[in-house]
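Just so you know, the sequences run in chain order A and B. Just so it is clear: in the first sequence, position 89 is 89 by the UniProt record's numbering, and no numbers are missing. Just so it is clear: in the second sequence, position 130 is 130 by the UniProt record's numbering, and no numbers are missing.
Accuracy of the hints is not assured; some may be wrong.
[Unchecked claim] With a cut-off of at most 20 Å between alpha-carbon atoms, the simulated SDA-like pairs for lysine to any residue come out as follows:
# : chain 1 : residue 1 : chain 2 : residue 2
1 : B       : Lys46     : A       : Ala58
2 : B       : Lys46     : A       : Lys143
3 : B       : Lys152    : A       : Glu14
4 : A       : Lys143    : B       : Lys168
5 : B       : Lys46     : A       : Glu14
6 : B       : Lys17     : A       : Arg13
7 : A       : Lys143    : B       : Arg125
[To be verified] Derived list of chain B stretches under chain A, where covered just means 3 residues or more per stretch with a C-beta under 8 Å from a C-beta of chain A:
# : segment
8 : 4-12
9 : 43-55
What the hints contain is simulated information worked out from the structure, not anything from laboratory work. A virtual CB, placed ideally from N, CA and C, is assigned to each residue, including glycine.
Next come the chains, spelled out residue by residue.
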Amino acid sequence: MSGVPSTCSALLRELRTSPWVPQYNEADVQKAIDEIDELRTHAHSVAHLDSFSDDDPAWTSTLTAEIQIYTHARACLIAYATCRLSKIMELRWAVGGELPAANRALLSPAELKFADAYDGVLAEYMGAVGGGLDLTNVASPPKELYVGVRVERSAGAVVLASGQVLQLNAHERHLLRRADAEPLILQGLVEHCQQ
Amino acid sequence: MSAFDQMVDDLLAEEEKVPCEFLHESHHLGWLDDDGDGDMLASGAKIELPVYLASELLRGNHVDVLTPQCFGPQTRNALKADPDVVNLRDKNEFFFAHGLRVAELTPDDEGLPKVLADAFEARYRRMLDTCLTGSDGDPGGLTHRLSSTESKLFRTGLAGQRDYQRWKAGQAGRITACDMIRHARKRQRCAPLGQSSTPA
Numbered sequence: 001m002s003g004v005p006s007t008c009s010a011l012l013r014e015l016r017t018s019p020w021v022p023q024y025n026e027a028d029v030q031k032a033i034d035e036i037d038e039l040r041t042h043a044h045s046v047a048h049l050d051s052f053s054d055d056d057p058a059w060t061s062t063l064t065a066e067i068q069i070y071t072h073a074r075a076c077l078i079a080y081a082t083c084r085l086s087k088i089m090e091l092r093w094a095v096g097g098e099l100p101a102a103n104r105a106l107l108s109p110a111e112l113k114f115a116d117a118y119d120g121v122l123a124e125y126m127g128a129v130g131g132g133l134d135l136t137n138v139a140s141p142p143k144e145l146y147v148g149v150r151v152e153r154s155a156g157a158v159v160l161a162s163g164q165v166l167q168l169n170a171h172e173r174h175l176l177r178r179a180d181a182e183p184l185i186l187q188g189l190v191e192h193c194q195q
Numbered sequence: 001m002s003a004f005d006q007m008v009d010d011l012l013a014e015e016e017k018v019p020c021e022f023l024h025e026s027h028h029l030g031w032l033d034d035d036g037d038g039d040m041l042a043s044g045a046k047i048e049l050p051v052y053l054a055s056e057l058l059r060g061n062h063v064d065v066l067t068p069q070c071f072g073p074q075t076r077n078a079l080k081a082d083p084d085v086v087n088l089r090d091k092n093e094f095f096f097a098h099g100l101r102v103a104e105l106t107p108d109d110e111g112l113p114k115v116l117a118d119a120f121e122a123r124y125r126r127m128l129d130t131c132l133t134g135s136d137g138d139p140g141g142l143t144h145r146l147s148s149t150e151s152k153l154f155r156t157g158l159a160g161q162r163d164y165q166r167w168k169a170g171q172a173g174r175i176t177a178c179d180m181i182r183h184a185r186k187r188q189r190c191a192p193l194g195q196s197s198t199p200a
């Protein structure tokens, strides 16, 4: 090892520069955990050496440095995991439905499990408080009941919140109830067009 | 910008380095020094250490912290002469956050806090001006000169201005796809066909 290990900060930088979350970096996370483990074991063994002395700054500085480095690395790793989870929850509210496939592809298996479980508890909660009310819908007060939408790309048939089935063919225009249209717009399937 | 994004920025700012001089030798710390050899870190060794580490070692009286070059006389003079044109991102991405930490660790250096405060004030005015009066875009390459804190403020200002323009144009009620989805789709469109986005 030479210099302070930087795997954890590389993970955070990657997270910081991506629009949502970057592809889950299994290899680097494992490498970071190994680095932390190595330093922790080393600090532990130093403290139990026969020659170790509490009063000798040559020894206490070693312990201070190693403990600080692995504590910081651990904080970074926890931040990496927590931040990703918070972004998963944020996106669930933003799209008002299951995560799109392009986003799901970036997650680790454990994170996918979390996303599905979060989806489940949110659905359960919305069923309990409003008898099936979609809380993620209508984020701002509506001005009109119906909105005009334009289909960007064909996306097959979708089932609307009102139970109707709508065929989405490219470049078609539809007039939909606002509650039906909003999730489709948020998910980027159709575009809102205004008069 | 959520609380978690702020946390990530704070952690990264703590990793910015400051030059330290060891006041005594240390066992088993030779690996901290790229040029050093052996297990023992010699007394008087000069190493660049992350701020979080330097502050703890300073508290234990193990090291002396010196002022990093990016806060040296050259930068200070440039900031005094014309704060607007100095490229702070090149000097240090977290210039102000790091500067405040360095000021804490080097209490003898009394000039630094004032330099930071004056520079921030002057640059903030210019930035606000650009956000509120400029059209979309980046006049004079301003955003390339901003530190991380400034760039966040700049983006917030720009978004506020854009929302106001939308409201004025009667577009405020328009529903749009959420940002994260739009970004993901742009990336998909840019990726060449037949090439998967995940490395093999």
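For each hint, the structure was consulted:
| no. | hint | in the structure |
| --- | --- | --- |
| 1 | Lys46(B) to Ala58(A) | holds (16 Å) |
| 2 | Lys46(B) to Lys143(A) | violated (66 Å) |
| 3 | Lys152(B) to Glu14(A) | holds (18 Å) |
| 4 | Lys143(A) to Lys168(B) | holds (16 Å) |
| 5 | Lys46(B) to Glu14(A) | violated (30 Å) |
| 6 | Lys17(B) to Arg13(A) | holds (16 Å) |
| 7 | Lys143(A) to Arg125(B) | violated (37 Å) |
| 8 | 4-12 | holds (count 7) |
| 9 | 43-55 | holds (count 4) |
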